[in-house]
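Trainee: Below are the chains, spelled out letter by letter.
There are 2 protein chains.
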Amino acid sequence: MVGVMSERQNSLNHFYAVIPAGGIGSRLWPLSRADAPKFLHDLTGSGQTLLRDTWDRLVPIAGEQRIMVVTGRAHRAAVESQIPELADLNVVLESEPRDSSAAIGLAAAILELREPGVIIGSFAADHVIGNRPRFKRAVIEAVAAADAGYIATIGITPTEAAVGFGYIRCAAALDIKHAPSALAVDSFVEKPDLETAEKYVSDGNYLWNGGMFIARADRLLEQIGESDPALLAGILELAAAWDTPERGAVVDRIWPGLTKIAIDYTVAEPAAAAGRLAVIPGDFDWDDVGDFASIAKLHASGRKSDLAILGENARVLADSSSGVVVTQTKRLITLIGVSDIIVVDTDDALLVTTTAHAQRVKSVVDALKLSGSTDVL
Amino acid sequence: MVGVMSERQNSLNHFYAVIPAGGIGSRLWPLSRADAPKFLHDLTGSGQTLLRDTWDRLVPIAGEQRIMVVTGRAHRAAVESQIPELADLNVVLESEPRDSSAAIGLAAAILELREPGVIIGSFAADHVIGNRPRFKRAVIEAVAAADAGYIATIGITPTEAAVGFGYIRCAAALDIKHAPSALAVDSFVEKPDLETAEKYVSDGNYLWNGGMFIARADRLLEQIGESDPALLAGILELAAAWDTPERGAVVDRIWPGLTKIAIDYTVAEPAAAAGRLAVIPGDFDWDDVGDFASIAKLHASGRKSDLAILGENARVLADSSSGVVVTQTKRLITLIGVSDIIVVDTDDALLVTTTAHAQRVKSVVDALKLSGSTDVL
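First to last, the protein sequences are chains A and B.
FYI, the numbering used here numbers position 195 of the first sequence as 195, with every residue one higher than the one before it.
The number in the numbering used here is simply the position in the second sequence, starting from 1, with 377 added.
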C-alpha cells in the first residue's frame, strides 16, 4: 500500500491545473459583460467569485504554485485581485479570445517546455462544484489515467434529465492502474431534447460532460496536432518564445491567426473515436451555471416555489413569486404574482424573462451586438 | 330656439368646474408617489399630465377663470406649473388629505359664498376621457339637470364587462328641461365580479360610475349636511373664513377634524335613495386609469399582443412579450417571453407583475407603509 500511495503521489507531483478564464457568459447578460465576465461573479451566494471558488477547489489537489490561469489581457487586474497568490509565471494572457483549443494548448505547451512529462488538467473558471473531497478523488483517478497515457475527462453522474448539458456515452470499463472507475468513451453527444435526456438518464451509461480534460501535455498537444497541424505549429511557436524576450512579438504575430475552436472538437471527440479517452464518473454536484434558470435551480435546492435573490444590497419584496432576482443596485425590487421569473437589475440594463426562456438571453445579446448597443454589452 | 339656447347658456354661465387633485394612485406605485401623484403623470402618452388634460377638457365648458383646483399643499408648485393660467383665487390647498366630501364640499361652500346660486361640477384630475365634444354635451345636460334642482352625475356607457369600475343602475327617464337624456338612478353598485359585470352590460340599464357630480352648490351642501351635519358645519366655518385673514387659523383648527369620507357616501348614494339624483349617459371613452392593467389596455387599443411603452427616455428591447413598460430611467429594458407583464422602472424602485395582478399593487404599498419603507412611497 505504501508503494501504491507513493506512485499515486508521483502522478500528482507531475500535475498542473490550468484554469481557462475566458468566456463572458452571454446567457447571463446583463450581469455578465465583456468587462465583467461570468467567472468574476458570485453566482452561488458563497461570497466569492466563481474563479476564486475554482482556485480554492484546485489548491488542495495541485498546490498554489501549480495552477495556471489563462485569461484575457483586460481581465488581468481582476484575476490578480481575486487570486493574490497567483504567481506571474502562472498567468497566460490572451491578446484576444481564440477559444479553448488555443488557450489550453498554449498552457500545455508552455508547461511541457518548462517541465517535460507534465500532466495538465483543465478546469473551467466558472462552474459550480459541490463536495470537494469527491471532486478531488475523481481528479486523482483522472491524473492516474493521464499518467497511463489516456486523455481523461471527468463525467458527472446525472441527477436529472438536464437539457442544458452535453452528455458522454460511456463504454466498457478500462483497466487502468489507480483509476479503477475509468471507463472508455463511446461518444460525446450535444445538448439533447427532454425526451432524449430522459432516455440517457434512465439508460445509466450517460454522464454529463463537465468539460474537464486531464492529460499528459505531450499527448494533448499531439491530439491537437492530429486535428489541426497549423494550430499546433502556432501553439508550439508561441510556447517556444513564451519565456523569452520575444514573447510579445510572437504573440502579436501568431495568436490572432490561431484557429478558433473548442477543445471538444480538437481533442475530446477525436480521442474518443481513437479509443484514447477515459472517463472517470464523478458523483459530486456540478453545474456550469449556463443561464439564469440554472442559478434559480441552484438556489432553490429543488424547492420549485422559491425565489432566489442574489446581490449584496438586494432589497426585494415578493408576493406569490418564484424564480430568481439578481441585482447590482440598491433599488427596491417588488414582484407580485410572477412565477419562474428572472429579473436581472443592473445600473444600465434590466432583464425580465422566465426560466423557460433563459437560453434565449444569448440571442438578445446577439441582437444588441448587431444593433450597435455595445454600451451595455 | 334662440330662447332655448340662451337659457342653456344661462345655466352654463353659473357653472364652475372643480378639480379635486388629491389621490396618489397607490395602484400605480412606484410611478405614483406621495410627491408625484397620479394626476401629475402622463399616462396616455399625450405628452402632458392627466391634470393638464383635465384642465384642457374643462376650459371650453367653464372658461379658464371658472375652474377651481383642490389639492394638497405639497402639490401647489407642481399644479401651478402645470396650469400657469390658474388664478390664485381658484386654488384651494388642503393641509392634509380629508377625502372627497371635504374637498368638494369646501369648494362648493367657498364658491356659493362668492357667487350664490353657483352650479358646480366635480371632475377627477386623473381620469382619461376621449371625444371632448361628447363629454361637453353630457356636461351641458348635467348642468341643466343641476339647474333644475337635481344632483347630477354622468355615467359612462360600458364598452365591456369591466370589473375595476363601480356601476350605476339607471331607472326611468326624468323629464328635465334641456337634459333630455337624464335618467333617475336606482342605485350605485360597487366593483362587481366578472359574471355580474357581464350581466350588467347585457342588461343595458347599467352605466359606469365616472365619479362626476354636478349640482347647485347649495343642494350639494344640503345633501352633505343631511348625511353628516358636523362635516357640513366644519365646511361652512372654513368657507366663511376662506376669503378673510382668518383662513390659516381656521384651517388649522377645523380641517384636520373633518370626517374623511368619499362623496359617493355623503352625496351620491343618499341623493339616489331620495330620488334627487339624475344621471346623464355619456357615450365618450372614459377610463379612471386605476392600475397598470388599464394603462396596458388603453395603449393596446384592443390588440392583446401589444407591448405599451411609456417613458420619455424609454429604451426597450422586447422579444415575444406583451403588457406595459413604464420607465423613468434611461436603462435598457429587455423582455423575453413574458406575456401581459407589467414592468415599472424608476430610479429607486422596480415593480414586476402581470396585468392580472395589477390591483394587488395597492397591498404592496400598504405592506411597504407598514414596514416603514417610506423612502420609496
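Hints in this document: simulated from the structure, not taken from any laboratory.
Treat the hints with care, as some may be off.
DSBU-like cross-link-like pairs, simulated, lysine-lysine; straight-line CA separation at most 30 Å [stated by the list, open to error]:
{"#": "1", "chain 1": "B", "residue 1": "K707", "chain 2": "A", "residue 2": "K362"}
{"#": "2", "chain 1": "A", "residue 1": "K369", "chain 2": "A", "residue 2": "K260"}
{"#": "3", "chain 1": "A", "residue 1": "K330", "chain 2": "B", "residue 2": "K707"}
{"#": "4", "chain 1": "A", "residue 1": "K191", "chain 2": "A", "residue 2": "K330"}
{"#": "5", "chain 1": "B", "residue 1": "K707", "chain 2": "A", "residue 2": "K136"}
{"#": "6", "chain 1": "B", "residue 1": "K739", "chain 2": "B", "residue 2": "K637"}
{"#": "7", "chain 1": "B", "residue 1": "K707", "chain 2": "A", "residue 2": "K369"}
{"#": "8", "chain 1": "A", "residue 1": "K330", "chain 2": "B", "residue 2": "K637"}
{"#": "9", "chain 1": "B", "residue 1": "K746", "chain 2": "B", "residue 2": "K707"}
{"#": "10", "chain 1": "A", "residue 1": "K136", "chain 2": "A", "residue 2": "K369"}
Far from chain A, some chain B residues (derived; all Cβ distances over 12 Å) [to be verified]:
{"#": "11", "residue": "D563"}
{"#": "12", "residue": "P622"}
{"#": "13", "residue": "A626"}
{"#": "14", "residue": "D696"}
{"#": "15", "residue": "I710"}
{"#": "16", "residue": "D724"}
{"#": "17", "residue": "A733"}
Just so you know, these numbers come straight off a predicted model, no measurement behind them.
We put the CB at the ideal spot given by N, CA and C, even for glycine.
Trainee: Against this structure, judge whether each hint is valid.
Mentor: Hints versus structure:
1. K707(B) with K362(A): Between K707(B) and K362(A) the Cα gap is close to 22 Å, so the pair holds against 30 Å.
2. K369(A) with K260(A): Status holds; Cα separation ~20 Å.
3. K330(A) with K707(B): Since the Cα atoms of K330(A) and K707(B) sit roughly 17 Å apart, the hinted pair holds (cutoff 30 Å).
4. K191(A) with K330(A): violated (37 Å)
5. K707(B) with K136(A): Cα-Cα ~48 Å, so violated.
6. K739(B) with K637(B): Satisfied, since the Cα-Cα distance of roughly 19 Å is no more than 30 Å.
7. K707(B) with K369(A): With Cα atoms ~19 Å apart, K707(B) and K369(A) stay inside 30 Å; holds.
8. K330(A) with K637(B): Given pair K330(A), K637(B) is violated - Cα atoms ~37 Å apart, limit 30 Å.
9. K746(B) with K707(B): holds (28 Å)
10. K136(A) with K369(A): violated (40 Å)
11. D563: holds (36 Å)
12. P622: holds (45 Å)
13. A626: holds (41 Å)
14. D696: violated (6 Å)
15. I710: violated (5 Å)
16. D724: violated (7 Å)
17. A733: violated (7 Å)
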